[in-house]
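K.L.:
Full structure from sequences and hints, please.
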Amino acid sequence: MAVIWLLSLLFLISILITAVKRTKQSDGRQPPSPPGLPFIGNLHQLGPLPHQSLWELSKKYGPVMLVKLGRVPTVVVSSPDTAKQVLRDHDLNCCSRPSVEGARKLSYNYRDIAFSRYDDYWKELRKLCVMELFSTKQVNLIQPIKKMEMKKLIHSITESAYKKTPVNLSETFLSLNVNVVCKASFGVSFQGTVLNNEKFQALVHEAIEMLGSFSASDFFPYIGWIFDWFTGLHARRERSVRDLDAFYEQMIDLHLQKNREERSEDDFVDLLLKLEKEEAVLGYGKLTRNHIKAILMNILLGGINTSAITMTWAMAELARNPRVMKKVQSEIREQIGKSKEARVISLDETDKLKYLKMVIKETWRLHPVSPLLVAREVISEFKINGYTIQPKTRLHVNTWGTGRDPEIWKDPEEFIPERFMDRDIEAKWAAL
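Position 74 of the sequence shown, counted from 1, bears residue number 76 in our numbering, the numbering being contiguous throughout.
Calculated from the structure, these hints are not laboratory results. Do not rely on the hints blindly, as some may be mistaken.
Estimated spans, in silico, between C-beta atoms of each pair [stated by the list, open to error]: (1) His157 with Thr390: 50 to 60 Å; (2) Thr352 with Pro50: 35 to 45 Å; (3) Ile159 with Ile381: 43 to 53 Å.
Note that CB positions come from ideal geometry on N, CA and C, so glycine has one too.
P.N.:
Written as structure tokens, this is what we have:
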């Protein structure tokens, strides 16, 4: 009996200590939270598409919602107003990335560099990328490459139409972007390299899947890596990074060889290698080979898959909506002119295609490239809609949900490009 009383007393004391600790930590209300289970929290409520599961939960618990994903407290915001508060008003309060544990700590440290945006060093590198990759000169240099690759794409689709064979648009658009990005940004062709186009696409597929995968170490720090090791996820990530590293090394060697032979015009990789050789100082440190690989990883994985996803969804929505398809076709024929042979529309001609731009905006609204923005970690306390967000809390912006907010969009589930006709909304690219 004495033992039972002692255990009950210890249990009561632990509850009181926890309550006092929470009171000291927070001077305001916590966001509403769906009930969870011991140890796993709300993980069991996430389906195969977490952004949709979280959106359904937010309809009941509000646009600011606290969920427990394993041992990690996570706040999910799901409306345009709350997203603006996080990304603009309180950016400095949550401008860190969650630390990676176990299997996520890969042996190649440039992977960590590639995803650490908010130190001065990376800001300088990102500024350099924007200045060089998106300068007027570089954009003009890309156009012949895009035109050549688009002609190949049109020829391939036309040939499939004559043969009446199906076309896998996901693979086709991914292949298109692989060729354009590698040739335009890196000056690399697959001819004469150890990787052919097909193998490289497989490499990119695997890398993107690994970067977007959920693992036990994400939700159970310090112990989750054991489960990842048993399931083989850790080994797959290591293998993926080794394959990418081999590609970067080969690409750099090709550029060094090109420089020694003094042929061809300098591209973006040549510029980075030149800065490395000159020991250029950006931010608080020198540009190193690992940082060059980090930049290439961001350009490679961030620039290929995102565009391919948008094009695939746009074509899917046009196929599902014949009315919209006919309007797009009519606009192109009216503005560009009819032609017996398919041709590539120039960059200047795209400014005339107002309705097509509305179609792209509507595609982004319904099918954002990143349904859940990359997780942030709160570094100092702040409030959203009166709810206190504590430090060490993980934070997600559900962009898939913000595009379907019925308070902002009429008939949010319908594909209606005309909704942008009288709205002063311009799409802007930002690395959020």
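K.L.:
If a hint holds in the structure, say so; if it doesn't, say that too.
P.N.:
For each hint, the structure was consulted:
1. Between His157 and Thr390 the C-beta distance comes to about 59 Å, which sits within the given range of 50 to 60 Å.
2. In this structure the supplied range 35 to 45 Å holds for Thr352 paired with Pro50, their Cβ-Cβ distance being about 36 Å.
3. For the hinted restraint 43 to 53 Å between Ile159 and Ile381, the CB-CB distance of approximately 49 Å keeps it satisfied.
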